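Trainee: Next come the chains, spelled out residue by residue.
Protein chains: 2
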Amino acid sequence: MQLSKPRVVIVGAGFGGLSAAKALKNTDVDVVVIDKNNHHLFQPLLYQVATAALSPGDIAQPIRTVLRGNKNTQVILEEVISIDKENSVLKLSNGKLEFDYLILAPGNRHSYFGNDDWEKYAPGLKDLNDAIIMREKILRSFERAERNYKNKEEYKLNTSFVIVGGGPTGVELAGAIAEIARKTILKDYPLINAKDISIKLIDGADRLLVQYDKSLSKYTKTALEKMGVEVILNSVVQSVDENIVITNNGEFESSNIIWAAGNRASPLLDTLDTELDRSGRVLVNPDMSIEGYDNIFVIGDASFLVDANGKTVPGIAPAAIQQARYVADLIASRKSLEPRKPFKYLDKGSMATIGRAKAVAQVSKLKFKGFIAWMMWGLVHIMFLIDFRNRLKVMTEWLWYYVTFKPGASLIFHNKTTEKEKVS
Amino acid sequence: MQLSKPRVVIVGAGFGGLSAAKALKNTDVDVVVIDKNNHHLFQPLLYQVATAALSPGDIAQPIRTVLRGNKNTQVILEEVISIDKENSVLKLSNGKLEFDYLILAPGNRHSYFGNDDWEKYAPGLKDLNDAIIMREKILRSFERAERNYKNKEEYKLNTSFVIVGGGPTGVELAGAIAEIARKTILKDYPLINAKDISIKLIDGADRLLVQYDKSLSKYTKTALEKMGVEVILNSVVQSVDENIVITNNGEFESSNIIWAAGNRASPLLDTLDTELDRSGRVLVNPDMSIEGYDNIFVIGDASFLVDANGKTVPGIAPAAIQQARYVADLIASRKSLEPRKPFKYLDKGSMATIGRAKAVAQVSKLKFKGFIAWMMWGLVHIMFLIDFRNRLKVMTEWLWYYVTFKPGASLIFHNKTTEKEKVS
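Heads up: the protein sequence lines correspond to chains X and C, in order. At position 345 of the first sequence the residue is numbered 345 (my numbering), and the sequence of numbers has no breaks. At position 132 of the second sequence the residue is numbered 132 (my numbering), and the sequence of numbers has no breaks.
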């Protein structure tokens, strides 16, 4: 690596990080992408891995492969421990790394509002490992229900699902579970009666998908209810224990409690020693830089910004990608000192899928629902997957899944791990 | 389940167990298949998952799905702890299970000749979890080599591979690693020089594939050497430690030591309290039953038999399948008391692949090698996969792999697990 060129270090290979690296491809800088995973994850479809519709390989791609064309880019598989902004150096789990420019795109994890002990009873969904664990948890509870179908209590516990959080992830998980539970997977469990399966979606607010228009929230609730999901609103979780969620609005028992409520930005940002919001996101300047450092940027859902249009930038992939390109341009054109044009988010809309042929989409004032929204959702996601060789595979998986109603990936990998789980 | 019908319990859902269940499909018995994994594994291709050519889902299928058509069959996901042959009952990790007939097909695991502490330094390859761990180990060492390419020692250690055991698995692994290391994966590691990669295949015998004809062993050695694999024979392993294998014929350092030597049948068989051979296999009667119990059978590579033709039945899938059908027929026709016709193994040949367009095959006296053997190998395995919906996917994966030389599944799932590994 010629040290004459400025070194741009990018932390995190999500949509933001990868887009930044790609935008810097043919510029006069050296790029280092560092991530603790070796793959980029197509998070919008993660819930389909968790519900055994897709395989991990269908929605993940090695970072090195994605960036293979970037001659000025080095990829490092390691964890960043802390950031020393004074001296422009990162402390890694193994060694140090200096930077001239730093783009932080570490993303966030699900959070338990300070009750981290809830995680073992109510796993969340952020990476492949989460998805595999959730999938195994679901499959194992079907196995237990089938095996103990005579034991009413066991049977009830293992045929109940409780999803906490009525945002897009919660809605998508509830819908997907309703479909696999009622249709696909049940074929393999003759002793389980579809009518016995209970799926509850709990949220503290008075409607689902609060970030969407009320009419879409209403549609989503009705659609989920038609699919057999019980939507329980105005219910704030007070505590989670093994097989039980306690809210201000009743208790809910299940051996499948899934957490889709609340995120917290990467703890790495705490080491920046700059102002964070309640969910750990960095309050960035209008140019995505941090207070007092025009060479350190935070993008994606690890940052918080009210943009030049006075709109809060949402924590979704399109926003991260726009921020990545904006910052890459600042760096490439060395706009480090002259006044910078503030970042403006171009709202390309947001969408959530509810189930087969059911989705909601919102593009600024425009609202779509049902099959049209679902077609939009499918198209957008296929286009998004364009960089993946897996695109074709994902489509064939979907087609197969559609035609046969058979889940594509009902595998439990780690009997060892899960034996332990059973004991604990 | 009507208890009037005799209950046949099958332990293990490998080729033997599944074939037995299928053969009993339309017979007047109740069948229970019990396995500690929820999936049947297509073991002959496991090494391709370990070397990131295929994804786990491509070679595994949920047992329930495979047996969905068997109306008289129940599938249980659990571990069998011990066998009480006097009272015809199995002790499970959770409960008991009575049987009228018992078919034991628990398979075997790689063994370390009593040195189980070697396993953490030299993992073996028997199930999906093994394959995922091996794949991650290989990928992580490439990452370390790339990251520390200036540190000669680190670099050398992480670009060396030592495979212990010159049987089919060892040969297949050596060949596959030579291909991914030299061609496919290297594309993603610009700082690693293909010439630096060292792959050693060690065996205690004076030739590879001892169960094959000498001419094929010779061909295999030459073919591997052409691919850059160093074949080291007459070298008995004396000890394995972290990153080093010590033999009577020199020491070999590598951060990728892979164990493909020696198997031991499932420890469950010890609880049978009947005669076992050195590698833990049950010495079965000519009808595959165990001494003194004409209702308990052991099939597949968990059993040892010199058949009616005076030939030792090999521990390969075709033999397990033939034994399964033979035993199923005994049970279905209630030949429990009248004299039974002894089992005869029909040799359909055995084959091992070395690499792209290179394989060896032997059908009784006939010997094949090179491209023809490889085509045979490919065809046979595709036909074997016929029960798998994955067949098409495997073929497309292969095609893709062939055309692009890009490994299809270079994913590291568990940063958590592997962080631990790194520490330990």
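Just so you know, these hints were derived from the structure itself, not from any lab. Accuracy of the hints is not assured; some may be wrong.
Because identical chains share one entry, a pair is satisfied inside a single copy or across any pair of copies.
[Claimed, not checked] Here are the simulated SDA-like cross-link-like pairs (lysine to any residue), alpha carbons at most 25 Å apart as the crow flies:
#	residue 1	residue 2
1	K214	T271
2	K120	K137
3	K71	I316
4	K152	G228
5	K96	K150
6	K96	V29
7	K85	F113
8	K91	K218
9	K71	K344
10	K150	L97
11	K25	G378
12	K156	L92
13	K156	S364
14	K126	R140
15	K150	A194
16	K126	K137
17	K367	E98
18	K71	D270
19	K71	R182
20	K120	L233
21	K120	E79
22	K187	D30
23	K341	G355
24	K348	P314
25	K96	D307
26	K71	G250
27	K218	T271
28	K344	V363
These figures come from a predicted structure and were not determined experimentally.
Trainee: Determine for every hint whether it applies to the structure shown.
Mentor: Against the structure, the hints come out as follows:
1. With identical chains, the CA atoms of K214 and T271 are never at most 25 Å apart, being 39 Å at best within one copy and 64 Å at best between copies.
2. When the C-alpha separation of K120 and K137 is checked against a cutoff of 25 Å, the pair qualifies only within one copy, where the shortest distance is 11 Å, while the shortest distance between copies is 27 Å.
3. In this assembly of identical chains, the alpha carbons of K71 and I316 never lie at most 25 Å apart, being 28 Å within a copy and 47 Å across copies at closest.
4. Proximity of K152 to G228 under the C-alpha cut-off of 25 Å is restricted to the intra-copy arrangement: shortest distance 21 Å within a copy versus 61 Å between copies.
5. For the homomeric pair K96 and K150, the shortest alpha-carbon distance between copies (15 Å) is at most 25 Å, but the shortest distance inside one copy (59 Å) is not.
6. Taking the shortest Cα distances, K96 and V29 sit within 25 Å of each other inside one copy (19 Å), while across copies they are farther apart (66 Å).
7. Neither within a single protomer nor between protomers do K85 and F113 lie at most 25 Å apart by alpha-carbon distance, with minima of 28 Å and 54 Å respectively.
8. In this homomeric assembly, K91 and K218 never come within 25 Å of each other (Cα to Cα): the closest approach is 48 Å inside a single copy and 52 Å across copies.
9. Proximity of K71 and K344 under a CA criterion of 25 Å is satisfied in neither setting, with 30 Å inside one chain copy and 61 Å between copies.
10. Only between protomers do K150 and L97 lie at most 25 Å apart by alpha-carbon distance; the minimum there is 15 Å, versus 60 Å within a single protomer.
11. Proximity of K25 and G378 under a CA criterion of 25 Å is satisfied in neither setting, with 29 Å inside one chain copy and 41 Å between copies.
12. In this assembly of identical chains, K156 and L92 lie within 25 Å of each other by CA distance solely across copies; the values are 23 Å between and 47 Å within a copy.
13. When the C-alpha separation of K156 and S364 is checked against a cutoff of 25 Å, the pair qualifies neither within a copy, at 43 Å, nor between copies, at 56 Å.
14. For the identical chains of this complex, K126 and R140 are neighbours both inside a copy (21 Å) and across copies (22 Å), given an alpha-carbon limit of 25 Å.
15. For the homomeric pair K150 and A194, the shortest alpha-carbon distance inside one copy (16 Å) is at most 25 Å, but the shortest distance between copies (60 Å) is not.
16. Taking the closest pair of Cα atoms, K126 and K137 come within 25 Å of each other both inside a single copy (16 Å) and across two copies (23 Å).
17. Proximity of K367 to E98 under the C-alpha cut-off of 25 Å is found in neither arrangement, the shortest distances being 47 Å within a copy and 60 Å between copies.
18. For the homomeric pair K71 and D270, neither the shortest alpha-carbon distance inside one copy (32 Å) nor that between copies (58 Å) is at most 25 Å.
19. In the homo-oligomer, the alpha carbons of K71 and R182 lie at most 25 Å apart only across protomers (20 Å), although the nearest pairing inside one protomer, at 49 Å, exceeds that limit.
20. In this assembly of identical chains, K120 and L233 lie within 25 Å of each other by CA distance solely inside one copy; the values are 24 Å within and 50 Å between copies.
21. In the homo-oligomer, the alpha carbons of K120 and E79 lie at most 25 Å apart both inside one protomer (23 Å) and across protomers (24 Å), since each shortest distance falls under that limit.
22. Only between protomers do K187 and D30 lie at most 25 Å apart by alpha-carbon distance; the minimum there is 19 Å, versus 54 Å within a single protomer.
23. Taking the closest pair of Cα atoms, K341 and G355 never come within 25 Å of each other, the shortest separation being 41 Å inside a single copy and 57 Å across copies.
24. Taking the shortest Cα distances, K348 and P314 sit within 25 Å of each other inside one copy (11 Å), while across copies they are farther apart (62 Å).
25. Taking the shortest Cα distances, K96 and D307 never come within 25 Å of each other, neither inside one copy (34 Å) nor across copies (64 Å).
26. Taking CA atoms no more than 25 Å apart as the test, K71 paired with G250 passes in neither setting, with 58 Å inside one copy and 41 Å between copies.
27. Neither within a single protomer nor between protomers do K218 and T271 lie at most 25 Å apart by alpha-carbon distance, with minima of 42 Å and 60 Å respectively.
28. Taking the shortest Cα distances, K344 and V363 sit within 25 Å of each other inside one copy (16 Å), while across copies they are farther apart (70 Å).
Hint compliance for this structure: hints 1, 3, 7, 8, 9, 11, 13, 17, 18, 23, 25, 26 and 27 are broken, all remaining hints hold.
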